[in-house]
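Chemist: This is what each chain is made of:
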Amino acid sequence: MPSTTFFNIILLCGISISGVWAKPYTPQHADDIVAQLPLSKDPDRIKLQQLRASLSQQPKQLSVALHYSYAALRLAQRHAEPRFYGYIKAALEPWWQQTPMPSEVQLLRAIIAQSQHHFKLALIDLHVVLKQQPHNAHARLVKALILYTQGKYQQAKQACTRLILFSDHLTSTLCIVQVTSANGQARKGRQLLLKQLRQTKQTSPRLQLWGWTLLAEISQRLNEPQLAEEYYKKALQWDDKDHYLNVAYADFLLETHRYQDIINRYSLPLSNPLLVRLAFAEKALEKPIFRQHQLFLKQRFATEQQQNDRHWRDYALYLLLREQPQQALSAAITHWQTQRQPEDTLLVYRAALAAKQPQAIETIAQWFKQQKLEDYRIQSIANSLKIQ
Amino acid sequence: MQLRLILISMIFCINGYGHESNFSYLNIDWQKRSAQWDINIIDLDYAISLDQNADNQLTWGELQKQQKKIKTYLLPRLQIKSGSENCNIKALPAQINPLNKGIYYSLRLTLKCKPTSHPQIQVAYHLFYDIDTHHQLLLTLTTATKTINHTLYAKDNRWQINIDQYTKKSTFLHFLKLGMMHVLIGFDHLLFLVTLLLPAVLLWKNKQWLKQPRITTITWSLVKVVSAFSLAHSITLTLATLKVIQWPSHWIEVSIAFSIIVVACNNLYPLVSKRYWLLAFTFGLLHGMGFANVLLNSEMAQKALFTTLLAFNVGVEMGQLLIVTLVIPIIFLLSRWRIYRYIMQISSIIIMLIGAFWLVERLSC
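Respectively, the protein sequence lines represent chains A and B.
Sequential numbering from 1 applies to the first sequence in this note's numbering.
Sequential numbering from 1 applies to the second sequence in this note's numbering.
Next up, chain B with everything else stripped away, as it sits in the complex (with noise of 0.2 Å):
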């Protein structure tokens, strides 16, 4: 007995498919309530023998006539969980998928879960644990808004995870505060909105700026502008992210620098004095396919389209209406100076340069 155990330790460096342990993976779409397990069938056969005829090689035949075995030995030794109740696991017929550290046999699974306002996933899994104590489940999880990975171990089997519940409710919101962010931080939008209403409590009249009495034009032009530049980036954020037009955003980009110089040199020498809103509109045309890069960019926009487009786009109007709200009272104010045509000169010196350096910055990027 002693002579028989004493084994020789040839394993100086055992080196073999290098020390890991063997692997499952796990890749589970919950949005689609569907998974791909892929088990090695090394690990299978010695689990629960595949090779029937013995000649050391499985073929596509012989598998497939053990398949109700491997089902049912595989089934059981996984559970997902959505809320607090076990998802129905399906299996459609397997398929052979070749990885590089060795042959899968690969299971599309569906899941049909209880819809549960409880949302979490939790994973249970058994697999080999009780032949092989180093076997690991390689586990990814892609949700609407996130993919995550994770390793289920023997010592620590289950996993559980909070996922997002996006309802179109909470999609609508999302959208709506990006709109409005992108407003309120999106400078280059500000600033062209900004240098747009300065000269609207002014007229151009002999070549220079007088103040305007009237406050009924007044706020009949700020309207007409507001609306015309509303109007017009509605149009081009809906057709930008439907991509009936299609730009290409580095142009847009520089263009909506451009246009800040223009406006703001217009301001100096109005080459257009009436009729504002046909510059607010023409440049709302730019800034709208500018806004529509967010959407095009976001994954979640993609599958939600008339949901997200609709969010954003209000969004960017009340954005819009809060910026307009507390500019328009300040420019009243201080038009009631009589140095507020310089004032309004300066600043639109300023946005100038910046604009130049915007449009310098983005042509160069």
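Next up, chain A with everything else stripped away, as it sits in the complex (with noise of 0.2 Å):
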């Protein structure tokens, strides 16, 4: 595609000066393409700009400002770009220092907290928030996911329960189903959601991806392939842009060793998580464009490390791409200090495994088997490790 191409050598350019003082450049013709805008076109950011618009004319209306924070906020998860939350911030500035804070306000400002990875900020005000409003369901599936990220199941799961009463009953069995599916509930877990989707004749968009997403994921652990890629399909009809989706998505086709439908699905543009997928299915082909995009990510890590700001999964995938376990196994530790979903706790094994040393992760080996997390890929990784 020729416009990507172009893309890429002016991301070439840029790799090649490095630096923030590159050389500027005036582009010779007219019809040069000088940059790509991937939300440009978007509906909800269009209406986003929209909602802006009336925002200031009317900044100090509430329900105005929340209106534009959902939106934003909605294209945040969607597209993994962070931007969106200094949107919000901005938008909700009025009451961002007010105290007490209103409800709404302090939700969001949990949900950006968590989107961060400040897990107890966002839990402290989650539970301001659901104090004064114990029926807020949004509220209190953000705890229940926080404490799910954080493996802490049992809690996770009591705040799902609980929601059963707020909330539709999709939405609960969807938490619930998170929940137990990582804690002995696999199978069960799937068929209950199974047909709960398939039953339910709430359509919402977002539940429905996240309910696809989800049983692919299980099925994944499962070891159950094709299921697997059924369910991603379906997903995938739901919002075939989404970032998470577009991950766990990546991650599966690296499992079952489908390189080449990674590299034709992904181009760049790309956020990290999906560059370094991208970069591990070029390194299995042996493709020429691997070396510009390991430098490209290369960079990007040193950025990160510049701004203090190092998200440790990318990087630990990124350390393993480079060949680097032993970084790689300390990288992927850390961030399991802060996150444990399945897939965090794989990583560390997929870690241990490449450098080799079973004995740094005894302790995450222990949590494993007292979870009765059911994932046969960790489970491999443990018997090649020989740990019990």
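In short, the hints are calculated from the structure, not lab data.
Hints may be right or wrong, so weigh each one.
Said to hold, decoys possible - Straight line, CA to CA, 20 Å or less: simulated EDC-like cross-link-like pairs of lysine to aspartate or glutamate:
| # | chain 1 | residue 1 | chain 2 | residue 2 |
| --- | --- | --- | --- | --- |
| 1 | B | K65 | A | D31 |
| 2 | A | K188 | A | E230 |
| 3 | A | K47 | B | D29 |
| 4 | A | K60 | A | E93 |
| 5 | A | K41 | B | D55 |
As the list claims (entries may be wrong) - Away from chain A, derived, C-beta distances all over 10 Å, residues of chain B:
| # | residue |
| --- | --- |
| 6 | S84 |
| 7 | Q122 |
| 8 | V262 |
| 9 | L359 |
Unchecked claim - Chain B stretches covered by chain A per the calculated footprint, using a threshold of three residues with CB under 8 Å from any CB of chain A:
| # | stretch |
| --- | --- |
| 10 | 43 to 57 |
| 11 | 93 to 99 |
| 12 | 123 to 135 |
Glycine residues also receive a C-beta, built at the ideal position from the N, C-alpha and C atoms.
The task is to assemble the complex, starting from two chains supplied on their own in separate frames and drawing on the hints.
Modeler: Pasting the structure below:
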């Protein structure tokens, strides 16, 4: 695709000129493409710009600001674009310093904190919100998911169960199955969820997306790739662009060695997680462009380091890509201290296998057993490493 | 409503392009009164919609058509003050700057600032904070003497700094001082000079050192030696600073150490006993090149060669003069004693050893 190539060339120019003070240039022709604006046609973003216009007319109207904020939030989540959190903060500026903060604003603050992995802060805010609004399903759901991410399955399950009272059936099922499928109830959970998804009249795209993605992930863990593929395809029908889904699907493609499929599906511009996975595929197929992408990743991670903003999971994967298993292992373990989803546990095991250091993950291995996480990938690594 | 609001927080690890805020970059070259301002095109597009034909791509033509709109949006959101008055900021035609964090719209700015005796620069920045509180400006300011980096945030979007006003006068004084210091602290030059002066009060006759009785002779020979040395190093200092002659500084340093050994040995067994000034001149040429290194390594000096060269030279002479006026009376007084010749010989041995030590050190480095 010519435009992609051109963009890649521009990127390469950017790469070869290191440092901030790269050389600016004047393009030669009027139809030279200078930038990709992947969201400029996105209807959500167009709507967001319209909402911002009306917000600027009434900046002190909380309902308008909230409407804008949720629209921005959807974009943030869908595209994994952190800019939108800044937009939300700007929109809610009049209320940000208020004490007491309006509940809705506090909930958004919690969600932003969560997205930045400041889980403790998020939980504090959520606690306050739920005290004032025990029926607030969204807050409870976010809380449940944070607890799940932290590996606190019992508490997460409790929060999900409470959700039954305040939310629709599908949402609470999703929440519960998300937790219990990682906690010894994978098949049962999957069955239950599948039934719900088929039966429900609830056609909210976000819920459907979540549901099918979760089914796919569970199937992946249970070593049922055909089912996983089927569910991923269904999820992609609901939203082909969702970032979380795409990362999960890329992992699935890597695991099933479908490297060409990854290369066909993903092209720049890409977020770090997707670029790392693309690079794995390119490396496996010995594509020449692998080196450029690796260099690109190197610079991105260097920037992260400079800004003191390390994302350990991606970084650990990148280190595995660079065949630096020791550092990968320590990055994965660092990451695992704050996040313990099945993928995070798997990452630790992978790194331990690469570094040949089973003893480094003894506590994690114990936790894995305790939680009864059913994941054949982790189990097979455990067997290779002879971890009990 | 409730259901609509229940957005699925599929944000288990939202790791997009990094959790970094969006950045703009501003690099100010204060001496040239110019700046370069780089703004991320994605941010700009969100603020003022650049993709007019909505095809997810921005062409150069599309961008050029909107230059005026963009400048009208951007320029009021940046103020640079010199002293108490805002500079007039004018934007040259924009360019594209691909950095590894994205594609940037790159504006070269010229600053027209009123001259002021108040050496303070202020930057006030308001871009995008109304839309995005995470936006940051990474600012780099380069003055004659230093480069400063600073970040401006939504909550902290003003910055001021006092800059050193480098006038001709202060530059002159700075390098004058530098020249003086270089001699006073430059132990090797000092030692060389003193070694040369030691035998000035003596006379080599019949293979021994005798007291030189005539004060006029002493004075005259001192004057000749110091002047010859000064003249020589002034010449080579100038030529080397202007890069007319260029010797690797390593070898210059080695030769200077060698020169000390030579004059020290000469004090013990003079191969040169008359026309000391010739010795001083020859080695003075060498020392001058050593002095030049200071100027060659100074960015500031390179920008104002005439002033700094003159100042440095004068400083060196002044420093030298200071030493000479201190040392000569001492030598004179000491020379009243008969044992002076032994003092001189012993000192020369010590100096020779020091010189040898330096030689070895500088050769091996």
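Chemist: For each hint, tell me whether it holds in the structure or not.
Modeler: Quick rundown of the hints versus the structure:
no., hint, result
1, B:K65 x A:D31, "holds, 12 Å"
2, A:K188 x A:E230, "holds, 19 Å"
3, A:K47 x B:D29, "violated, 41 Å"
4, A:K60 x A:E93, "holds, 9 Å"
5, A:K41 x B:D55, "holds, 7 Å"
6, S84, "holds, 30 Å"
7, Q122, "holds, 22 Å"
8, V262, "holds, 48 Å"
9, L359, "holds, 42 Å"
10, 43 to 57, "holds (count 10)"
11, 93 to 99, "holds (count 6)"
12, 123 to 135, "holds (count 7)"
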